[in-house]
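Novice: Hints are included, so try docking the two chains, each in its own frame, into the full complex.
Letter by letter, the chains look like this.
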Amino acid sequence: QQQVKQSPQSLIVQKGGISIINCAYENTAFDYFPWYQQFPGKGPALLIAIRPDVSEKKEGRFTISFNKSAKQFSLHIMDSQPGDSATYFCAASFTGTASKLTFGTGTRLQVTL
Amino acid sequence: NAGVTQTPKFRVLKTGQSMTLLCAQDMNHEYMYWYRQDPGMGLRLIHYSVGEGTTAKGEVPDGYNVSRLKKQNFLLGLESAAPSQTSVYFCASSLGLAGFTDTQYFGPGTRLTVL
Numbered sequence: 200q201q202q203v204k205q206s207p208q209s210l211i212v213q214k215g216g217i218s219i220i221n222c223a224y225e226n227t228a229f230d231y232f233p234w235y236q237q238f239p240g241k242g243p244a245l246l247i248a249i250r251p252d253v254s255e256k257k258e259g260r261f262t263i264s265f266n267k268s269a270k271q272f273s274l275h276i277m278d279s280q281p282g283d284s285a286t287y288f289c290a291a292s293f294t295g296t297a298s299k300l301t302f303g304t305g306t307r308l309q310v311t312l
Numbered sequence: 047n048a049g050v051t052q053t054p055k056f057r058v059l060k061t062g063q064s065m066t067l068l069c070a071q072d073m074n075h076e077y078m079y080w081y082r083q084d085p086g087m088g089l090r091l092i093h094y095s096v097g098e099g100t101t102a103k104g105e106v107p108d109g110y111n112v113s114r115l116k117k118q119n120f121l122l123g124l125e126s127a128a129p130s131q132t133s134v135y136f137c138a139s140s141l142g143l144a145g146f147t148d149t150q151y152f153g154p155g156t157r158l159t160v161l
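If you're matching them up, the sequences are chains A and B in order.
Residue 200 is where the first sequence starts when you use the working numbering, and the numbers rise one by one after that.
Residue 47 is where the second sequence starts when you use the working numbering, and the numbers rise one by one after that.
One chain only, chain B, in its complex shape (with noise of 0.2 Å):
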């Protein structure tokens, strides 16, 4: 098991290039979140899914989207990328159990520029 895989490890975009990162996972797992970590601020939730086809918004969604198309794989977009968007991105995946809070499972980060 490959667990959770992130792609690319790390980009450098132009204020305004869009981008998309892709998330995947192979342990069957229901629910998939994004998360970006800056210093002192610990890991904020951008948006996260329940399920294929779902989608919401977490903490700090504004200038991302996102997709899940597919189970085991959870896009985030940056339609206009911004300075502030520089950050490590981190995806998660957890197996969703219903009325139960489980554990959640990271990957390795994208580590993203934004000049």
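Bound-form chain A, shown alone (with noise of 0.2 Å):
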């Protein structure tokens, strides 16, 4: 049973545009909403994350936008630039679980100049 779904699987994009990655979950004991980002041949390292208290986190051109009563949840990032090009993971856990994290099935954005 996959908890978090992710869409699109890949994702073209002009240098200077937006992209936007959305994920949506089931389990409403979610409460951790992370974003992985992870380039060719490395682990994934954390990008940015919400909780479900506020509707919105931004960090420099990434923004998560959280939509608690549809239980879905995006990454927007702004100004794409070139160097953003890799896959990105959603992710969500809940406290109590030893921070173990059910992660979305991965976005390639590839962004072209």
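Be aware that a few hints might be false.
[To be verified] Below are the DMTMM-like pairs computed for lysine to aspartate or glutamate, each with C-alpha atoms no more than 20 Å apart in a straight line: (1) A:241 / B:84; (2) A:204 / A:225; (3) A:204 / A:230; (4) A:257 / B:76; (5) B:117 / B:72; (6) A:241 / B:72; (7) A:204 / B:105; (8) B:116 / B:76; (9) A:267 / A:225; (10) A:204 / B:84; (11) B:103 / B:72; (12) A:270 / A:252; (13) A:267 / A:252; (14) B:103 / B:76; (15) A:214 / A:278; (16) A:256 / B:148; (17) A:270 / A:230; (18) B:117 / B:76.
Worth flagging that the hints you see were computed from the coordinates, not collected in a lab.
Specialist: Structural data, given as structure tokens:
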């Protein structure tokens, strides 16, 4: 049972454009929603995370939008750059589970010149 | 700080062979995790540990065993490798704060092929 659904599977965006990746979850007990960024040949690294008490979190060009009632959250990358080309994973966790993460299936982002 | 390191980086096995993947962290983290990453399936948790001497099953534990004899090390074993275990394996660790979900830090991965 896939508890976190991620779309799209792949995304091509021109330099300077906005990249948007969406995730939907099923378990209403989830209370922590991170996004991880993975470059080829490397391990994933935390990019940004949000908790459900806020609807948006922004860090530089990266923003998470969170809709608790719809059980959805999304990552927006403003002014996308070629260096942002990577695979992005959304994830979810809830308190008391040893920080275990349930990951989405990933989105491969390519930012073209 | 080296962070999370994994040994080896690459390995090719024949069906039925055994091997052990080593994960080490120098951040004094309590929690450690083993994931496998397969195309189109994201990262799936195999086993995890909340402290030295403890282990627990994750989402896909069958065919794997783990041990955490020292706080800084987490070993993943394959007793009889199968082609279905061809994957990229990632180890991760987190600080382990009770009642709080904290950041997981990942190693560089081990690419395993089982022929």
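Novice: Please write out, lowest number first, the hints stated earlier that are contradicted by the structure.
Specialist: Violated hints (numbers, rising): 4 and 11; every other hint is consistent with the structure.
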